[in-house]
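First to last, the protein sequences are chains B and W.
Each residue of the first sequence is one higher than the one before, starting from 1 at the first, in the working numbering.
Each residue of the second sequence is one higher than the one before, starting from 153 at the first, in the working numbering.
Source of the hints: derived by calculation from the structure; they are not laboratory data.
Among the clues, some could well be false.
Simulated DEER-style distance windows between Cβ atoms [unchecked claim]:
1. W:Ser-237 <-> B:His-47: 56 to 64 angstroms
2. W:Asp-187 <-> B:Thr-103: 32 to 40 angstroms
3. W:Ser-180 <-> B:Thr-101: 45 to 53 angstroms
4. W:Ala-245 <-> B:His-152: 19 to 27 angstroms
5. B:His-152 <-> W:Leu-177: 45 to 53 angstroms
6. B:Val-41 <-> W:Ser-193: 15 to 23 angstroms
7. W:Ala-245 <-> B:Thr-101: 23 to 31 angstroms
8. W:Asn-247 <-> B:His-47: 23 to 31 angstroms
9. W:Thr-218 <-> B:Pro-67: 13 to 21 angstroms
10. W:Lys-234 <-> B:Gly-31: 21 to 29 angstroms
11. B:Thr-103 <-> W:Ser-192: 24 to 32 angstroms
12. B:His-152 <-> W:Ser-193: 58 to 66 angstroms
Below, a sample of chain B positions facing chain W; criterion: calculated Cβ distance under 8 angstroms [to be verified]:
13. Glu-26
14. Asp-28
15. Thr-35
16. Val-41
17. Gly-45
18. Val-99
19. Thr-147
As the structure is a computational prediction, the values presented were derived from the model and not from experiment.
Every residue, glycine too, gets a C-beta built ideally from N, C-alpha and C.
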Amino acid sequence: MKNNYKLLSALALSGIFSTAVIAIEETDTLGLSSTIATSVVVDAGTHTLDLAADTTSSDMTISANVPFTIKLTNANSATGSKLLSGTDEIDYSFSLANVETDTTYTTFGETSSSQVTHVDAKTYTLTIDPAAITAATDAGTYTDTITVTITH
Amino acid sequence: MVGVTRVFLGLLLLLSAVIKAEDVLSISFSNPTLDLGDMSSASTIAFTVDASTDYTLSAPATGVMTHTTNGATVGYCVTVSKINSTLTVTPNAFNSQLQSAGDYSSSIVLTIAAI
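With the rest of the complex left out, here is chain B:
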């Protein structure tokens, strides 16, 4: 009988012990999902560059949370990069540059070859460099319109 008691005690302790070490723990896993919509914000405004006043550059800012491309076109594209006043014309070159991303665009009609992402607004500076204006240049108002197209 004494041996039986010891056996039962051992079993009881074993049961208690097993209860203590069994991890009474359960889990459930929750999946989380979210979608952030595309956002492209361009703040270009309308700028008039005054060559006579030597105002030859203006800034625009772009912020985008998706990769995008930039393409520049001009209204006088049929004649190339020219400021026109009737039949009179002044050649010019241009650049649209962002110092932070070391990006520069200098050709009308070409789309930027690589896509970039600006999750924070970055400033692009458009600079016009007209050919020399001499005494032989006819007086008048010379114009062209440059359009910057952002595509994503």
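Since the structure of chain B is provided, determine the placement of chain W on it from the hints.
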């Protein structure tokens, strides 16, 4: 007589141990996935607890939503209400216009443990 009593007590202990080992304890969310929308505000989901004993609930206090393609991240905080049986996810403040667009995902493991 003493021996019989001891045997009885031993059986009782064993029985109580067996009964205790069979405590019911389970937890499950009302939905396997919680859509945080654009993460501009907190989202809450309910869960169901089935417990025949005292228990504790635990989940990571913070986590990170990760963009499924480019690895961009948004942190979030997790709060668990035992009283309401709800779990709330609060994304960290950010400007969605300045956060990389696309799909984000993460997961949270909620644990219930007997005391």
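Hint check: 8 angstroms Cβ-Cβ cutoff, B:Thr-147 to chain W: violated, 23 angstroms
When the least beta-carbon distance from B:Thr-35 to chain W is tested against 8 angstroms, hint result: Where the cut-off is 8 angstroms and the nearest Cβ of chain W is about 5 angstroms from B:Thr-35, the hint holds.
Beta-carbon spacing of B:Thr-103 to W:Ser-192 - inside the hinted bounds 24 to 32 angstroms or not: holds, 31 angstroms
Assessment of proposed distance window 23 to 31 angstroms (beta carbons of W:Asn-247, B:His-47): With a Cβ separation near 27 angstroms, W:Asn-247 and B:His-47 satisfy 23 to 31 angstroms, so the hint holds.
Cut-off 8 angstroms, beta-carbon criterion: hint that B:Gly-45 touches chain W: violated, 19 angstroms
Assessment of proposed distance window 19 to 27 angstroms (beta carbons of W:Ala-245, B:His-152): holds, 25 angstroms
Assessment of proposed distance window 32 to 40 angstroms (beta carbons of W:Asp-187, B:Thr-103): Cβ of W:Asp-187 to Cβ of B:Thr-103: about 37 angstroms, so the range 32 to 40 angstroms holds.
Minimum beta-carbon distance criterion (8 angstroms), B:Glu-26 to chain W: Where the cut-off is 8 angstroms and the nearest Cβ of chain W is about 5 angstroms from B:Glu-26, the hint holds.
CB-CB spacing for B:Pro-67 and W:Thr-218 relative to the 13 to 21 angstroms hint: Holds, at about 18 angstroms.
When the least beta-carbon distance from B:Val-41 to chain W is tested against 8 angstroms, hint result: Since the shortest Cβ distance to chain W is 7 angstroms, the answer is holds.
Consistency of beta-carbon spacing, B:Thr-101 to W:Ser-180, with hint 45 to 53 angstroms: Holds: the Cβ-Cβ distance is about 49 angstroms, inside 45 to 53 angstroms.
Status of the hint placing B:Asp-28 at chain W (closest C-beta pair under 8 angstroms): It holds, given that the least Cβ distance between B:Asp-28 and chain W is near 5 angstroms, below 8 angstroms.
Checked against the numbered hints listed earlier, the structure breaks hints 12, 17, 18 and 19; every other hint is satisfied.
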